[in-house]
Amino acid sequence: MEMPAPDHRIISRRRQIARSLRRLVPADAVIDRAAELSAYESDGFTAYRQKPLITVLPVDRDEVAAVLRYCADEGIKIVPRGAGTSLSGGALPLADGITLGLARLNRITDIDYPNRAVTCGPGVTNLAISTAVSSRGYYYAPDPSSQVACTIGGNVAENAGGVHCLKYGLTTNNLLGLELVMMGGEVVRLGGKQFDAAGLDLLGAMTGSEGLLAIVTEVTVRILKTPARAVAFLAGFDSVENAARCVGEVIAAGIIPAAMEMMDGPAIRAAEAFVGAGYPTEAEALLIIEADGPEVEVAAATARIELIARRAGATTFRVSGSEAERLAFWAGRKSAFPAVGRLAPDYYCMDGTIPRASLPLVLTRITELSREYGLAVANVFHAGDGNLHPLILYDANKDGELRRAEAFGTDILRLCVEVGGVLTGEHGVGVEKRDLMAEVFTEDDLKHQQRLKCAFDPDGLLNPGKVFPTLHRCAELGRLHVHRGQVPHPELERF
Amino acid sequence: MDRLIEPADEDGLRTAIADAVADKRTLAVSGQGTKAGLGRPVEAQARLSVARLSGIVHYAPDELVMEAGAATPMAEIEAALDECGQQLAFEPPDLGPLYGQPPGGGTIGGVIACNLSGSRRPFAGAARDHVLGIRAVSGRGEVFASGGRVVKNVTGYDMSKLLTGSYGTLAVLSLVTFKVAPRPEATRTVLLFGETPADAAATMEGAVDGPSDISAAAYLPQKAAARSGLDDVARAGGPVTALRLEGSREGVAERTVALRAALATSGETEELHGRRSRVFWAEAGSGVLLPKAGEGGDMVWRLSLPPAQGIAGGGMIQQALGGEVSFDWAGGLVWCAPAPAENPEAVDGGAEKLRRIVIEHGGHATLVRAPEAVRRRVPVFQPEGGALAALTRRVKENFDPRGVLNPGRMFEGL
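Residue numbers (my numbering), protein chains in the order written: chain A, 1 to 495; chain B, 1 to 414.
A few of these clues could be false.
Stated by the list, open to error - Keeping only pairs whose Cα atoms sit at most 20 Å apart, straight-line, the calculated DMTMM-like set for lysine to aspartate or glutamate is:
1. A:K447 <-> A:D435
2. A:K225 <-> B:D209
3. A:K447 <-> B:E397
4. A:K167 <-> A:E249
5. B:K223 <-> B:E295
6. A:K167 <-> B:D209
7. A:K167 <-> A:E295
8. A:K225 <-> B:E205
9. B:K24 <-> B:E412
10. A:K334 <-> A:D346
11. B:K179 <-> A:E249
12. B:K179 <-> B:E67
13. A:K447 <-> B:D11
14. B:K179 <-> B:E76
15. A:K225 <-> A:D110
16. A:K398 <-> A:D346
17. A:K334 <-> A:E323
18. A:K167 <-> B:E185
19. A:K225 <-> A:D112
20. B:K24 <-> B:E6
21. A:K447 <-> B:E10
22. B:K292 <-> B:E372
23. A:K225 <-> A:E295
24. B:K24 <-> B:E397
25. A:K447 <-> A:E476
26. A:K167 <-> B:D62
27. A:K51 <-> A:E2
Stated by the list, open to error - Per label pair, the in silico range of CB-to-CB distance:
28. B:G403 <-> A:R15: 44 to 52 Å
29. A:P469 <-> B:G322: 52 to 60 Å
30. B:A8 <-> A:H481: 20 to 28 Å
31. B:G229 <-> A:A252: 30 to 38 Å
32. A:R136 <-> B:D62: 37 to 45 Å
33. B:A8 <-> A:V419: 28 to 36 Å
34. A:R136 <-> B:R52: 49 to 57 Å
35. A:Y48 <-> B:R393: 32 to 40 Å
36. B:E43 <-> A:H481: 44 to 52 Å
FYI, nobody ran anything at the bench for these hints, they're computed from the structure. Every residue, glycine too, gets a C-beta built ideally from N, C-alpha and C.
Please model the complete structure; the sequences and the hints are all you need to start from.
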């Protein structure tokens, strides 16, 4: 994986650039000492590290705008960063780029209950939004497992999901408005508190754009009333096939649960050993299903889901009898990553999405690959929406194991694409899956995506080296190659 | 605009657009043409119809996903879904009758290109929230794809959203993939009669947050209610507040009883079951309860407002411009037909005044029906300014540098 070649003229001006930045933001907001810069050298994707040229920590929109205007004038690259929890290297620094940390824009500025909208800075954590409105019985639906730490700005950049997006959608479906600062320092507002935003859906285009289009300085999200009742079920199965059939049949029966998660044998046992959630350790697959809504609807769903699970061959079936037990059921799932992490010095978390029906096939193939690569794997899976998280176990200190884990991961993602799925469901492309983009997209597909970037950031200064395997200059992308339709146009092969 | 180009497949579509680019010929894009009245009038040198790019190519009910040619008739899609007990959760409204067309027309591509959503929108999301993937030909004459057949996907930019609601001004859709949903076992609508607008606002707000788990909330002032094809609504003799419940048979029955009991102190209630409930929301969602063109409804606006400001904003507009208003999306959508101006040719029909009030209330306005001459003069979509207008222009220029696709449909000169 290669990053764009650093510009040594920029690097050699480091001290002067830091001085200029200190005129735009308070002196302590500019970090340029090597020891302090180490804190920013990677994000949640720890396989790659790079110290940034300088880190700047603005406190408000005007400081962000001032920094961006200066950087645009000087041709200095920007890498935006929230809490640094990205699992795809979205905030991996550049040696010649400024890491723009947005964590200090961390104020909730407006809670509007009648319109069910919360407006806040991008540095507010995901969970803090729910916490701020919980006393009135509201919450913010997307719940990525890093929700204690990850910021809402980062959630927008990655279009973060979570276990409840089966019913409540991803970030993009819960976002009402954004304030952006463009690379040149111009401020743009998109959406607001109304349901449909005006004009082109730039709000939709911004969500999941991984910090390559503009810097988010304010976010308005929709909050929901906490459901009257929520019940979780634990269904153990002696095969992944049976569990997968249960998932398909729940959906086919017209039930959309609030969440429907699957863990395989190794993940079940690791989680149980870690938190003691009461999981059936002899099971080869476990479904955690949640139904929520009015009492009477939850009761109806409970009866139907149990029947479907038993018919699909569930060997155990438990219904949470209290709120404490429901949370305990989830505790195992939510701690699955660290639990699996205890089994080996390092793990590599994958994030492909597949059509649900191909789950048994994909898991069988992953087991085979695990044998071929000689690396263990545990599977945690947002079964309801087909989002797979295989956790590959390895030891970075053993020669070649990291490379082997990466090759294994690449094979899994290729497999996802092969069965009609995609490379990433919620973690983003970042640097991690950048070079695999050509497996999914043709050159014209990617060029059109880059043209969207050109509309926002024509000089390509925002987060270069992420998402796109090949960087084209906007002037080149903008050129119109006029060729009449009848002239043969070579269609690029799809892999 | 005499020439009609009607490609047989996506490659034909690409050829047609590439030729137009080479010849610098502008194209007016359509499917069935049922929504030609929505947007600014397009002046183009040829008409590009995608009507032949039709047909469902993939439908996996268990995966909750369907893929269809852009010009697949909505009727065909709805019939296929119905057979499997499924539906489109965003409840696309049938706007045909609003434009004097028979009901039941329109294509899935048209619904997506215009991002049209019905009464379930606040609870289930808009059309844009259900589009999973697209294939399209840009104004460069190049085919590109985005998204896929799975719901959870952040692989690359969400170009599907960019194209949804772009009115064919950036690219022409050839294939669309979208999420489908199980149709609830039962549906009932509780009608509450005689509420004032302020009371209705409180009722809807309370219902959205309440334990009933409603899936639609509308308020029809007396005149709008009187145009309903349903006796209970038409003969109400006053305004009607409507709340919809969907779910399991036993659940909906029980929730209806509870909701009516909770509303008992606010006025008389009634309930609509099954088919009649569906008829009600088809009417409420499609603007047909406002006066017809020529009978006071020459200009019809659709205002998107923060839901808690909808009733107040709509009331102020009615006070300023006369005419009628009607509310959906728990107040977040205001249908508005201002009283016709005495000399409509000379003025903007109150557009500026209306937009000022809408902006004060934190929303935006779309002129969904008006004579062509008015739509040429009055901005149909909320005018953009400053950095946002410049950004919109750069997006257009990147996807359609010669401006061949639907010139001027959204914004003058774009």
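Which of the listed hints are broken here? Per hint list: single violation, 36.
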